[in-house]
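Engineer: Protein sequences, first through last, are from chains V and F. Anchor point for the first sequence: position 4 equals 4 in my numbering, and the numbering is continuous, going up by one each time. Anchor point for the second sequence: position 445 equals 580 in my numbering, and the numbering is continuous, going up by one each time.
For the record, the hints were derived by calculation from the structure and aren't laboratory data. All figures in this text were calculated on a predicted structure; none of them were measured in a lab. Among these hints, one or two may not hold up.
[Claimed, not checked] With a cut-off of at most 30 Å between alpha-carbon atoms, the simulated DSSO-like pairs for lysine-lysine come out as follows:
hint, chain 1, residue 1, chain 2, residue 2
1, F, Lys211, F, Lys258
2, F, Lys491, V, Lys27
3, F, Lys535, V, Lys92
4, F, Lys535, V, Lys90
5, F, Lys189, V, Lys35
6, V, Lys63, F, Lys478
7, F, Lys248, F, Lys491
8, V, Lys90, F, Lys182
9, F, Lys281, F, Lys182
10, F, Lys258, V, Lys63
11, F, Lys412, V, Lys90
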Amino acid sequence: MEYRNVLTTCPYCGTGCNFHLQVLDGKLVGVLPAKGHVIADGGMCIKGWNAHAFVHDKERLQKPLIRKNGELVEASWEEALGLVAERLGKVKADNGADSIGILTSAKCTNEENYILQKFARAVIGTNNVDHCARL
Amino acid sequence: MAGLAATFGSGAMTNSIPEFGTDTNCFLIIGSNTSEGHPLIATRIIKAKERGAKVIVMDPRCNQVASWADLYLPFKPGTDVALFNGMINVIIQEGLADQAFIQERTEGFEELKKLVAEYPPEKVQEITDVPADLLRQAARMYAAAKPAAILYAMGITQHTTGVDNVKSTANLAMLCGNLGIPGGGVNPLRGQNNVQGACDMGGLPNVYPGYQVVTNADVQKKFQEAWGSTGPATVGLTVMDMVNGLEEGKVRALYVMGENPMLSDPDLNHARHCLEKAEFLVVQDIFLTETARLAHVVLPGVSFAEKDGTFTNTERRVQRVRQAIEPIGESRQDWQIVCQVAKQMGGKGFDYASPKEILEEVSRLTPSYGGISFERLEQLGSLQWPCPAPDHPGTAVLHKNKFSRGLGLFTAIPYKPPAELPDAEYPLTLTTGRLMFHFHTGTMTRRSKKLHSEVPEAYIEIHPDDAQRIGLNGGRRVRVVSRRGEIVLGARITKRIKPGIVFIPFHFAEAAANALTNSAMDPVAKIPEYKVCSVRVEPAPQ
Ligand code: SF4
């Protein structure tokens, strides 16, 4: 049995509490408060205490999906990524870069958001970049 | 946060959460259900109250903080601007304004003074329903207790007058000299964990990372050189324009990472209709969301527990996210997925070894993140931007001696009624909001058994007088109808809500409150008007 605590930041609200994820044999089993953290200071709300609960949900997507004959079916990464690159490339060639829109995410990390807007601007060539948080 | 940026030159929370516990002597909370939206900030406010700080809550619904506040002002949804103009009127009339601050640090005061003269408390009572004396008390309480902090959340930004509302909070804070000091300020509480970071990283159609505007030639040149190629020097489309653009054929393809615009769009039926028109829709997410179900390709990304990186919280604090477990199934790191697509499309400069390297590039190109790195975050735990250099300690309080734009700008703002007013056919005003146990569109929280069992089903809150008028007894099902759609759900009869107003939490896919709400938009910030729309409630078959 291998047990670890990993200090991280809560994925729910903008308060930014830190806590420890309890990991047993590669699976999350719980959450422990982070004493002395500048915001949480050993506290958490009910969402924080349950922040591990959705991670191993059986409905998590495990493979890429591609729509075939109207249905979403499992596909390989190679096929899915190839299709995305090809179709976005075609839309860009046919209708111009500004016919493509990119939505970044208030739930993803800074690094992921940076990369996606860089992709929009440097590769697609559009400023059609936004996220749903203004909603 | 367009309103704050116009007033001060920066749109983020001006102060920091720890100051609420130690320094703030008065909290003015508007449009924030703090104990549910930001529980650990509410904890700080309780602490402050224990040492004698005052708490004023302005909200159409008596939320938990309102129930123990020193003053609670229930007001008609959408009348925020009138309320602030009234408070400013009282403070000027009674000589409670901070003259020195106004003279040294601001401009535009005379125009504001002239305008608010038209908002005596008695007139404001007519517009807002807040008794004139209660408004006077609130104004005096805020003006007397320096430092005083204004806290607000989506409740005030989700209006056609959202930008005006935010500027109104800034007017009040400057009037009493509550900026640039610990414990004061104007503090937008961001809903989702990394809204601040998504904005900081240039996830906006008008700016690159660090709010460097796309229309500026020097900025354009800088990113052109750094990346080898970049977008045009013109502002792109907002999320609402993209979704609407699908319908018109102006937009053909959409790439969506970690969002569920289907559920967060104010007009759900319209959003589905538009997304179905997409020639190509890619969704990168961890669950098959309502939006992903409409996609042509779905790419499985990873949850926060499976990734390394940083989040930036509502007070501009950058903190580490650390990988605890391996990606589930064949899911992949979100940054790697995007880099692979980029490279397959011929993109250069997408060969990163890790998120650490990505943050190094961010800090090279983003002045406010210039001193932020994984190494320093390991050492210090967190850093608040602006943090321009590797030896800079970060910034807890913004606008200390000078505003980012120089002088703080007062804006005279006349009150405009909400876009949709109740009438004979739709006599009730619907407001929507957040519940503590569910998070935004509920994609994550509703999968958690514990959280789901706390509030399993959607409901509408309605005042006993209204319930009686339409012939409801407790616990019955009702149909709620707006000009855009209708939903059926359970009714909870409660005095927490004012007569004439009904409330639906917006986490529930089956009875998404957004099917009813209004997509009239704030002309500047383009925030859809969720908070106010007119509806009719009628008994539904049980
Ligand atoms: S633990 Fe609660 S208050 Fe803290 S960040 Fe998470 S959701 Fe927000």
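Engineer: Each hint needs a verdict: does it hold in this structure or not?
Structural biologist: Going through the hints against the structure:
Restraint check for Lys211/F and Lys258/F: satisfied, since their Cα atoms lie roughly 14 Å apart, inside the 30 Å limit. The suggested pairing of Lys491/F with Lys27/V holds, with an alpha-carbon distance near 24 Å, which does not exceed 30 Å. For the given pair, Lys535/F sits about 47 Å from Lys92/V by alpha-carbon distance, which is inconsistent with the 30 Å threshold. A distance of roughly 51 Å separates the Cα atoms of Lys535/F and Lys90/V; the hinted pair therefore is violated under the 30 Å criterion.
Restraint check: the Cα-Cα separation between Lys189/F and Lys35/V comes to about 28 Å, which is no more than 30 Å; the hinted pair holds. About 21 Å separates the Cα atoms of Lys63/V and Lys478/F, which keeps this hinted pair within 30 Å; it holds. Proposed proximity of Lys248/F and Lys491/F is contradicted: the alpha carbons are some 51 Å apart, above 30 Å. For the proposed pair Lys90/V and Lys182/F, the alpha carbon gap of about 58 Å is over 30 Å, so the pair is violated.
Using a Cα cut-off of 30 Å, the hinted pair Lys281/F and Lys182/F holds, with the two alpha carbons roughly 17 Å apart. About 61 Å separates the Cα atoms of Lys258/F and Lys63/V, which puts this hinted pair outside 30 Å; it is violated. Between Lys412/F and Lys90/V the alpha-carbon distance is near 17 Å, which keeps this suggested pair within the 30 Å criterion.
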